[in-house]
Amino acid sequence: MAVLEVERLSKVFGTGETAVHALREVTVSVDAGELAALLGPSGSGKSTLLLCTSLIEPPSAGAIAVRGRAVWRDGAALVDARRFRRENIGFVFQGHNLIPFLTAEENVALAMQLAGVGRREAARRARDLLGYLEVGHRAGALPATLSGGERQRVAIGRALANEPPIVFADEPTAALDTERGMKVMALLRRVAREKRSAVIAVTHDERMIEGFDTVYEMNDGRLAQKLHAPAPWKRAPHPSTAAAPSGPASSWA
Amino acid sequence: MDLALRDVRRHAGKFVATSAGVGMLLAIVLVMNGIYRGNIFDGVWLIDNTRADLWVVEHGRGGPFNESSRMSGEAHRSVAAVPGVARASPFIAYAAQRSLAGASQQFTIVGYDVFGGLGGPGRLAAGRGIEAAHREAVVDARLGLALHESFALGAHAYTVVGLTRGAVDPAGNPLVYLSLPDAQEVLYQQDSHALVAARAASARRLERAGFGSAEAARLLPLLAPSSATVNAVLVEVAPGRDVEDVRRHVQQWLHFSAYTAEEERNLMLEGRLKKMSAVLGLFRSLLVVVSIVIIALIVYVLTIEKIRPIATLKLIGASNATIVRMILEQSLLLTAGSFAVAYALLQLVRERFPRTLILLPEEIALTFAVMLAGGVLASFLAIAHALRTPPSLALGS
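Protein chains in written order, with the numbering used here: chain A, 305 to 557; chain B, 1277 to 1673.
Hints may contain errors.
[Unchecked claim] Chain B is faced by these chain A residues, among others (derived, beta-carbon under 8 Å):
{"no.": "1", "residue": "Ile-360"}
{"no.": "2", "residue": "Arg-386"}
{"no.": "3", "residue": "Arg-390"}
{"no.": "4", "residue": "Leu-406"}
{"no.": "5", "residue": "Ala-415"}
[What the hints assert, rightly or not] Each pair of labels, with its calculated beta carbon distance range:
{"no.": "6", "chain 1": "B", "residue 1": "Ala-1641", "chain 2": "A", "residue 2": "Ala-380", "range": "50 to 56 Å"}
{"no.": "7", "chain 1": "B", "residue 1": "Ala-1649", "chain 2": "A", "residue 2": "Ala-445", "range": "35 to 41 Å"}
{"no.": "8", "chain 1": "A", "residue 1": "Gly-422", "chain 2": "B", "residue 2": "Glu-1627", "range": "47 to 53 Å"}
{"no.": "9", "chain 1": "B", "residue 1": "Leu-1648", "chain 2": "A", "residue 2": "Pro-362", "range": "36 to 42 Å"}
[Claimed, not checked] Rough simulated footprint, nothing fancy, chain A against chain B, three-plus residues with beta-carbon under 8 Å:
{"no.": "10", "stretch": "1279-1293"}
{"no.": "11", "stretch": "1606-1616"}
{"no.": "12", "stretch": "1660-1669"}
Think of the hints as simulated: they come from the structure by calculation, not from any bench. Computed from a predicted structure; not experimentally measured. We put the CB at the ideal spot given by N, CA and C, even for glycine.
The whole structure should be built from the sequences, with the hints applied where relevant.
Shown next as structure tokens:
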């Protein structure tokens, strides 16, 4: 089932001769549990696609639907942008962007509290989530005292705080060495598989391409090429129907 | 989740240092408030404490504090004879700079009729009032003299029989109360060299006028300056009598100027104190504005330092209210913390401050309210910046 459907999405910055066509009629669909990569050189439109689909930047044309419900159509948002993001999108950043004066647990709990979860319940769920991401023992630590990999796990925890159907990851492994990058990819894959979130990662990191179900390449504002279709073994089965398949030997597991 | 409190807690050292810095500035604001009020309090203390209904001075003079006034030592007898006057007392006050208690000090000597006259020290902190015609003094505790201690003034030694606390002249200098003759003696007593020079000059004048040496020597005492003058006559009007009537009578028939206590206060407030109060008031206002500007800059810088976390908050769906609350709360915490530091500093210095500090609770509360309101206004700049920050900044675009 498609979680995110983008249809003929365009974005133009400026007008007249100075107009920049950042997106040109992009159409893409991402399913629940799918781990998709957006590849492309700088200025190709990857980040703009991410900004437009999360309603941070208003698209110039096209339509966006999440779980079958239209959120943008005919040049207008059909939902409150912040509430839409709070309830439907989790963000993982290259620089993790944790709030520096909050502990790991508070960073995750904050996202829950913003969505209306009570303080105690948010703290309990945040601890559980950090445990799931194997950084439970660092729940009380401030971001500055965490390692790069730990910070990224906490950032993933914050992205998953409200169990969003979509997780956008902006260069999630760029600031990490290969070993830590692979661990983060494994984690994102696990999230997609077990939490049934559609994980869409903007990346330049070709070391990590093998780990994605689907790889889209963007160029000059167009979704130029779908490098490979999701391999059946890489697609996440729904937890209610089957145990996670092990598949061929993979460094992402 | 209270983001502002958590930020403050995580950066406690920075917050305390900033509060201490701003607190010192606010302490200066509070001290200026205290000096402003203290200046007025000191300026009229002697007038208020004398409790005279009328101040009678040399005709046409705005004395005795704003302008010198010299009257005959017998003037109080004429005034006492005016219908409606219950008591009329001679009064003398003049500034002196002498060595007292081991230090050169500036003070004002007040001479009054110690036998039932007006103008005495009023409430004493210790000891008793002057009961002898000579060589007794009541002094303010700030001079550092102890009860029963003797001190030299002019040619004689005086014994401290009473102590006042906070008895000051309009310039804030402590008072020394003496009997009228003692005060006059200290005021007019000349050094022997000066006395010889004055006598020689008088003798030369007489000789130039045609008197022989022996005759000039005989006439010299007649030319000696009189030491029997006073600065003012203090009047207590009899109960049921109109002060205005008494004043009119004194002015018309005795050819003196007379001011009610209220007019004497106004002379001081509108004359000698006016410019000083205006300057202090101006400094006070400027300091409040400068403090608010500094708080605004600090809150702005604190917000700019957090601009990426703020963008992240917006990106993950935080409402504007959450962000506004965080900035406002920090501004209020900073202002309140700074004010607490300022108040504590004020308590430390107020007793040792060289000038009278009058700190009215309502004025302290008003200053706090103004600073809080200023802090809120000042944080609008930071709030505007935070609200303009696009969430995409969190993504680095």
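Outcome, coverage hint (the stretch 1660-1669 of chain B, chain A; C-beta under 8 Å; three residues): The restraint on the stretch 1660-1669 of chain B holds, since 3 of its residues have a Cβ under 8 Å from chain A and three suffice.
Hint validity - A/Arg-386 Cβ closer than 8 Å to any chain B Cβ: For A/Arg-386, the interface hint holds, since the closest Cβ of chain B sits about 5 Å away, which is under 8 Å.
Does the hinted range 35 to 41 Å hold for B/Ala-1649 and A/Ala-445 at CB? 39 Å, holds
Take the shortest C-beta to C-beta distance between A/Leu-406 and chain B; is it under 8 Å? 6 Å, holds
Do at least three Cβ atoms from the stretch 1279-1293 of chain B come closer than 8 Å to Cβ atoms of chain A? holds (count 6)
Verify the CB-CB distance for B/Ala-1641 and A/Ala-380 against the hinted window 50 to 56 Å. 52 Å, holds
Would the hint on A/Arg-390 stand, with a C-beta cut-off of 8 Å toward chain B? Holds: closest Cβ of chain B sits about 3 Å from A/Arg-390, inside 8 Å.
Please check whether B/Leu-1648 and A/Pro-362 have a Cβ separation lying inside 36 to 42 Å. At roughly 39 Å between Cβ atoms, A/Pro-362 and B/Leu-1648 fall inside 36 to 42 Å, so the hint holds.
Counting residues of the stretch 1606-1616 of chain B whose CB is closer than 8 Å to a CB in chain A, do you get three or more? Our answer is that it is violated, as 0 residues pass the Cβ test (under 8 Å) against chain A, missing three.
Regarding the hint that A/Ile-360 lies at the interface with chain B, is the smallest CB-CB distance below 8 Å? 5 Å, holds
Can the suggested window of 47 to 53 Å be confirmed for the beta-carbon pair A/Gly-422 and B/Glu-1627? 51 Å, holds
Per the CB criterion, is A/Ala-415 less than 8 Å away from chain B? Check passed: Cβ of A/Ala-415 comes within 5 Å of chain B, closer than 8 Å.
In summary, the structure is inconsistent with hint 11 from the numbered list given earlier, while agreeing with all the others.
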